[in-house]
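Colleague: What follows is the residue order along each chain.
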Amino acid sequence: AQKVTQAQTEISVVEKEDVTLDCVYETRDTTYYLFWYKQPPSGELVFLIRRNSFDEQNEISGRYSWNFQKSTSSFNFTITASQVVDSAVYFCALSEAGHDRGSTLGRLYFGRGTQLTVWP
Amino acid sequence: DSGVTQTPKHLITATGQRVTLRCSPRSGDLSVYWYQQSLDQGLQFLIQYYNGEERAKGNILERFSAQQFPDLHSELNLSSLELGDSALYFCASKGQNTGELFFGEGSRLTVL
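Protein chains in written order, with our numbering: chain P, 1 to 120; chain R, 121 to 232.
Just some of the chain R residues that point at chain P, by a computed CB distance under 7 Å: (1) 162; (2) 163; (3) 165.
To be clear, the hints were calculated from the coordinates, so they are not data collected in a lab. Since we're looking at a predicted model, the values are computed, not measured. The beta-carbon is built from N, C-alpha and C at its ideal position, and this holds for glycine as well.
Based on the sequences and whatever the hints tell you, model everything.
Modeller: Put into structure tokens, the structure is as follows:
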């Protein structure tokens, strides 16, 4: 069964601090995808990144970086020099991989989310 | 803007009633997914359609049903509503080549 655990329910930091959001997953599949989504107070879900299970390279996008480690089944997300606008709930998610366009790829198993509050 | 449109954005209704939530996927996307976000259960997958056919079912109650029409828009029907059905209902469509899920802004349902 697929499972995603985000052990940190809430994190508070002061602006310009670095913060890491943890994500641990469980799956029996050898091919899968990992995602991070951001949900700001307005409520929409904003896609941040997708990673497939064969690509363990860390990724950096501006102030955001992701550390994928299959050995520990973790896909952690770091925000460098946090800003007030980063305040949101962040969700980690896991998806199985399918072989056709109509497969269940995209059925995401979400963690419970981490509420990040960045104070000025 | 994800390109996925959901209506209505907000809906308040009473227990026992029936509502319909509507979703238009991004242009060209054939798959539509419905998710429910509640305080108790978090974000949970309900059901998936691909080009008009049901492809996968998650934790969808029997009181709920969905369909995808020939123009690819989808509707989620919720009946005999209970207080616990109050939640944010998301629709998402899948990019055919990227596999990413693009979420709409959600329909917030409040059952009083």
